[in-house]
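*Asks:* Given only the sequences and the hints, what does the whole structure look like? Please build it.
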Amino acid sequence: MTGVLPIALDKATRIVQVLLSAGKEYVCLMHVHKEVTANEIKTAFEKFKGKIKQIPPKKSAVKRQERDREVYYIEIIEMDGQDVLFRIGCQAGTYIRKICHDLGRELEVGAHMQQLIRTKAGPFSDKNMISLHDLKDAYEFYKGGKEEEIRKVIKPFENAVEHLPKIWVFDGAVDPLCHGSDLYVPGVSKLNNNINKDDPVAVLTLKNELISVGRTEMTTEEILKNQKGIAVNRNKVFMERGTYGKK
Amino acid sequence: MELPFEKTKREVLVKKEAETDAGFGREPNSRTVEQLIQYGIVNLNKPSGPTSHQVTDYVKKILNVNKAGHSGTLALVN
Numbered sequence: 071m072t073g074v075l076p077i078a079l080d081k082a083t084r085i086v087q088v089l090l091s092a093g094k095e096y097v098c099l100m101h102v103h104k105e106v107t108a109n110e111i112k113t114a115f116e117k118f119k120g121k122i123k124q125i126p127p128k129k130s131a132v133k134r135q136e137r138d139r140e141v142y143y144i145e146i147i148e149m150d151g152q153d154v155l156f157r158i159g160c161q162a163g164t165y166i167r168k169i170c171h172d173l174g175r176e177l178e179v180g181a182h183m184q185q186l187i188r189t190k191a192g193p194f195s196d197k198n199m200i201s202l203h204d205l206k207d208a209y210e211f212y213k214g215g216k217e218e219e220i221r222k223v224i225k226p227f228e229n230a231v232e233h234l235p236k237i238w239v240f241d242g243a244v245d246p247l248c249h250g251s252d253l254y255v256p257g258v259s260k261l262n263n264n265i266n267k268d269d270p271v272a273v274l275t276l277k278n279e280l281i282s283v284g285r286t287e288m289t290t291e292e293i294l295k296n297q298k299g300i301a302v303n304r305n306k307v308f309m310e311r312g313t314y315g316k317k
Numbered sequence: 259m260e261l262p263f264e265k266t267k268r269e270v271l272v273k274k275e276a277e278t279d280a281g282f283g284r285e286p287n288s289r290t291v292e293q294l295i296q297y298g299i300v301n302l303n304k305p306s307g308p309t310s311h312q313v314t315d316y317v318k319k320i321l322n323v324n325k326a327g328h329s330g331t332l333a334l335v336n
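These protein sequence lines are chains A and B, in that order.
Residue 147 in my numbering sits at position 77 of the first sequence, and the numbers go up by one each step.
Residue 259 in my numbering sits at position 1 of the second sequence, and the numbers go up by one each step.
By construction, these hints were calculated from the structure, which means they are not laboratory data.
No experiment lies behind these values; they were computed from the predicted model shown.
Check before you lean on any hint, since a few could be wrong.
Claimed, not checked - Reference listing, derived: stretches of chain A covered by chain B, where coverage requires no fewer than 3 residues with Cβ under 8 Å from a Cβ of chain B:
hint: 1; stretch: 103 to 112
hint: 2; stretch: 142 to 150
hint: 3; stretch: 199 to 208
hint: 4; stretch: 220 to 231
hint: 5; stretch: 250 to 264
To be verified - Restricting the straight-line Cα-Cα distance to at most 25 Å, the calculated cross-link-like pairs of lysine to any residue (SDA-like) are:
hint: 6; chain 1: A; residue 1: Lys236; chain 2: B; residue 2: Asn324
hint: 7; chain 1: B; residue 1: Lys319; chain 2: A; residue 2: Glu310
hint: 8; chain 1: B; residue 1: Lys265; chain 2: A; residue 2: Asn262
hint: 9; chain 1: A; residue 1: Lys295; chain 2: B; residue 2: Glu275
hint: 10; chain 1: B; residue 1: Lys325; chain 2: A; residue 2: Glu210
hint: 11; chain 1: A; residue 1: Lys316; chain 2: B; residue 2: Asp279
hint: 12; chain 1: A; residue 1: Lys306; chain 2: B; residue 2: Phe263
hint: 13; chain 1: B; residue 1: Lys265; chain 2: A; residue 2: Glu210
hint: 14; chain 1: A; residue 1: Lys222; chain 2: B; residue 2: Ile320
hint: 15; chain 1: B; residue 1: Lys325; chain 2: A; residue 2: Cys248
hint: 16; chain 1: A; residue 1: Lys260; chain 2: B; residue 2: Gly281
hint: 17; chain 1: B; residue 1: Lys265; chain 2: A; residue 2: Gln184
hint: 18; chain 1: B; residue 1: Lys274; chain 2: A; residue 2: Gly120
hint: 19; chain 1: A; residue 1: Lys81; chain 2: B; residue 2: Gly281
hint: 20; chain 1: A; residue 1: Lys277; chain 2: B; residue 2: Val291
hint: 21; chain 1: A; residue 1: Lys206; chain 2: B; residue 2: Lys325
hint: 22; chain 1: A; residue 1: Lys206; chain 2: B; residue 2: Asn324
hint: 23; chain 1: A; residue 1: Lys197; chain 2: B; residue 2: Gly281
hint: 24; chain 1: A; residue 1: Lys277; chain 2: B; residue 2: Asn287
hint: 25; chain 1: A; residue 1: Lys81; chain 2: A; residue 2: Gln184
hint: 26; chain 1: B; residue 1: Lys267; chain 2: A; residue 2: Gly120
hint: 27; chain 1: B; residue 1: Lys325; chain 2: A; residue 2: Asn229
hint: 28; chain 1: A; residue 1: Lys197; chain 2: B; residue 2: Glu264
hint: 29; chain 1: B; residue 1: Lys274; chain 2: A; residue 2: Lys81
Stated by the list, open to error - For each label pair, taking beta carbons as the anchor points, the in silico distance ranges come out as:
hint: 30; chain 1: B; residue 1: Glu292; chain 2: A; residue 2: Asp153; range: 43 to 53 Å
hint: 31; chain 1: A; residue 1: Gly214; chain 2: B; residue 2: Glu260; range: 19 to 29 Å
hint: 32; chain 1: B; residue 1: Lys325; chain 2: A; residue 2: Lys316; range: 42 to 52 Å
Beta carbons are placed, not taken as given, at the ideal position from N, Cα and C, and that holds for glycine.
*Replies:* Given below as structure tokens:
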């Protein structure tokens, strides 16, 4: 098993885009090519905390040019001879294989990644993963008339935006959004604090259903203070037109 | 150990309080199973053999849905 792989279904499929840019956590087994002391390893690890520079590996989907990435935390779980098991929390797009390679260079003996398990992808963690078997069984139970299991293994796609700031809108503002309108300030009922301009934001109904994911044109303070103007644009709409239409 | 968003405490500020009409939409947790599948997400423990793409295909077949997507490929592990 290689860990957390959130899969979005049917009309929710595009929601995985918000997970691509979300922080990740991995547990990695690294093999060091020659014996080094525990202290040397610890010292090398310290250098990979915070802002780091990385050139994406050859086998990667992005342009091979140095870029800044942030390592939020990195800690050694266990050391056994030349094997080092560690946990790392990092910005999206950080290559762990590359970190192992660079740690090896720092140690001057070389190192490579032996095994990698993802333990977090944004709000999804290894604490509540399910297997393909669980999914298959749950679906069979559902076909047989029992809903309990399927409700445990499939979660509302709103769970995928847990890490984003949120704005809740009035019923009357929902259908225009579904038709591609920007969100205007008078449509806003509630919102989170500390939202900056240009932040990705989840736009929800007052029943907590996800309508769209967009980008803010105003800060929290501006949305609270202003009487008009665009609060959120560049919306990717998920809710179907007419859900909050005419009765 | 927490990712940055896990440490962020978000407060909810009210601009204008309002009721929502029960005749429109539905709270996420009261969706029918059919609706849950249409607007659902599965937190899968990826088996190590098949690719993420193949695993996504299995999920589509198991649940009998036309579309599904995963959150990016895990780094290649031998």
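*Asks:* All hints are to be evaluated individually against the structure, with a verdict given for each.
*Replies:* Here is what the structure says about each hint:
| no. | hint | in the structure |
| --- | --- | --- |
| 1 | 103 to 112 | violated (count 0) |
| 2 | 142 to 150 | holds (count 3) |
| 3 | 199 to 208 | holds (count 6) |
| 4 | 220 to 231 | holds (count 10) |
| 5 | 250 to 264 | holds (count 7) |
| 6 | A/Lys236 / B/Asn324 | violated (29 Å) |
| 7 | B/Lys319 / A/Glu310 | holds (24 Å) |
| 8 | B/Lys265 / A/Asn262 | holds (15 Å) |
| 9 | A/Lys295 / B/Glu275 | holds (15 Å) |
| 10 | B/Lys325 / A/Glu210 | holds (20 Å) |
| 11 | A/Lys316 / B/Asp279 | holds (12 Å) |
| 12 | A/Lys306 / B/Phe263 | holds (22 Å) |
| 13 | B/Lys265 / A/Glu210 | violated (39 Å) |
| 14 | A/Lys222 / B/Ile320 | holds (16 Å) |
| 15 | B/Lys325 / A/Cys248 | holds (20 Å) |
| 16 | A/Lys260 / B/Gly281 | holds (21 Å) |
| 17 | B/Lys265 / A/Gln184 | violated (31 Å) |
| 18 | B/Lys274 / A/Gly120 | violated (40 Å) |
| 19 | A/Lys81 / B/Gly281 | holds (22 Å) |
| 20 | A/Lys277 / B/Val291 | holds (18 Å) |
| 21 | A/Lys206 / B/Lys325 | holds (17 Å) |
| 22 | A/Lys206 / B/Asn324 | holds (16 Å) |
| 23 | A/Lys197 / B/Gly281 | violated (36 Å) |
| 24 | A/Lys277 / B/Asn287 | holds (10 Å) |
| 25 | A/Lys81 / A/Gln184 | violated (37 Å) |
| 26 | B/Lys267 / A/Gly120 | holds (21 Å) |
| 27 | B/Lys325 / A/Asn229 | holds (19 Å) |
| 28 | A/Lys197 / B/Glu264 | holds (15 Å) |
| 29 | B/Lys274 / A/Lys81 | violated (31 Å) |
| 30 | B/Glu292 / A/Asp153: 43 to 53 Å | holds (48 Å) |
| 31 | A/Gly214 / B/Glu260: 19 to 29 Å | violated (40 Å) |
| 32 | B/Lys325 / A/Lys316: 42 to 52 Å | violated (28 Å) |
Consistency with the previously given hints fails for numbers 1, 6, 13, 17, 18, 23, 25, 29, 31 and 32, ordered from lowest to highest.
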